[in-house]
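Asker: Please construct the entire structure, taking both the sequences and the accompanying hints into account.
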Amino acid sequence: MDTMPMRKCQRRLALLWLGLGGASILIVIIQLAGNHFGEDSNGYAQKAFQWLLPAIVPTLSLILGSLATPMDKERQADSFFFWVTMAISGGYLLIILGFLVTRFSVASMVQMVDSSVLWIGPLQGLVGGTMGFFFFREAKNE
Numbered sequence: 001m002d003t004m005p006m007r008k009c010q011r012r013l014a015l016l017w018l019g020l021g022g023a024s025i026l027i028v029i030i031q032l033a034g035n036h037f038g039e040d041s042n043g044y045a046q047k048a049f050q051w052l053l054p055a056i057v058p059t060l061s062l063i064l065g066s067l068a069t070p071m072d073k074e075r076q077a078d079s080f081f082f083w084v085t086m087a088i089s090g091g092y093l094l095i096i097l098g099f100l101v102t103r104f105s106v107a108s109m110v111q112m113v114d115s116s117v118l119w120i121g122p123l124q125g126l127v128g129g130t131m132g133f134f135f136f137r138e139a140k141n142e
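Using the working numbering, read the sequence shown as starting at 1 and increasing by one per residue.
Worth flagging that the hints you see were computed from the coordinates, not collected in a lab.
Treat the hints with care, since some could be wrong.
Unchecked claim - Distance ranges between label pairs, derived from CB positions:
| hint | residue 1 | residue 2 | range |
| --- | --- | --- | --- |
| 1 | MET1 | GLY22 | 31 to 37 angstroms |
| 2 | GLY65 | GLY34 | 30 to 36 angstroms |
| 3 | ALA23 | PRO122 | 19 to 25 angstroms |
| 4 | GLN50 | SER79 | 33 to 39 angstroms |
| 5 | PRO54 | PHE80 | 28 to 34 angstroms |
| 6 | PRO122 | MET71 | 29 to 35 angstroms |
| 7 | ILE95 | ASP72 | 17 to 23 angstroms |
| 8 | LYS73 | PRO122 | 32 to 38 angstroms |
| 9 | ARG12 | GLY34 | 30 to 36 angstroms |
| 10 | PHE136 | LEU94 | 37 to 43 angstroms |
| 11 | GLU74 | PHE49 | 17 to 23 angstroms |
| 12 | SER79 | SER116 | 28 to 34 angstroms |
| 13 | GLU74 | GLY34 | 46 to 52 angstroms |
Just so you know, even glycine gets a beta-carbon here, dropped at the ideal spot from N, CA and C.
Answerer: Pasting the structure below:
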């Protein structure tokens, strides 16, 4: 089994989540500052952040918390599960980012946010499952 240093894997995941998650939050802030959604931008802002922050912050908190936890320098991660976690996380974050940069009217954007619970929940489940498996599975040298 191929292994990688756990701390290196954690840092890569943190960079992915900080980069794409931070970009998603920044896009919503820029859209609101540019009055992209017209007169009712405050209503949209509340809805957008109620949708976006729970999609990003819990997982990002887990990753950053794991970085702050003392760890044996020799601890290794299974590289296969690391790359699976990176791929699922990256895909999830790109879907969210893509959703935010797609040009919708305000009404269709609000409707899309409301219906997103049908697809975002299962995706979050996949992300959380792979993340948990990755962080808590000890790589065994064979």
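Asker: For every hint, state whether the structure bears it out.
Answerer: Hints and how they fare:
Hint check: MET1 to GLY22, Cβ distance near 33 angstroms, so the stated range 31 to 37 angstroms holds. The given range of 30 to 36 angstroms is respected by GLY65 and GLY34, whose C-beta atoms sit roughly 34 angstroms from each other. About 23 angstroms separates the C-beta atoms of ALA23 and PRO122, a value consistent with the hinted range of 19 to 25 angstroms. At about 37 angstroms, the CB distance of GLN50 to SER79 agrees with the hint of 33 to 39 angstroms.
Distance hint check for PRO54 and PHE80: the Cβ-Cβ separation is about 29 angstroms, which falls inside the suggested range of 28 to 34 angstroms. Range check, PRO122 to MET71: about 31 angstroms between beta-carbon atoms, so the 29 to 35 angstroms window is met. Judged by the Cβ atoms, the range 17 to 23 angstroms given for ILE95 and ASP72 is violated: they are separated by roughly 35 angstroms. At about 37 angstroms, the CB distance of LYS73 to PRO122 agrees with the hint of 32 to 38 angstroms.
Evaluation of the 30 to 36 angstroms hint for ARG12 and GLY34 yields a pass: the beta carbon distance comes to about 32 angstroms. Checking the proposed 37 to 43 angstroms range against PHE136 and LEU94 shows it is violated: the Cβ atoms sit about 26 angstroms from each other. In this structure the supplied range 17 to 23 angstroms is violated for GLU74 paired with PHE49, their Cβ-Cβ distance being about 41 angstroms. Against the hinted window of 28 to 34 angstroms, the Cβ-Cβ separation of SER79 and SER116 comes to about 32 angstroms, which satisfies the hint.
For the pair GLU74 and GLY34, the supplied restraint of 46 to 52 angstroms holds, since their beta-carbon distance comes to about 50 angstroms.
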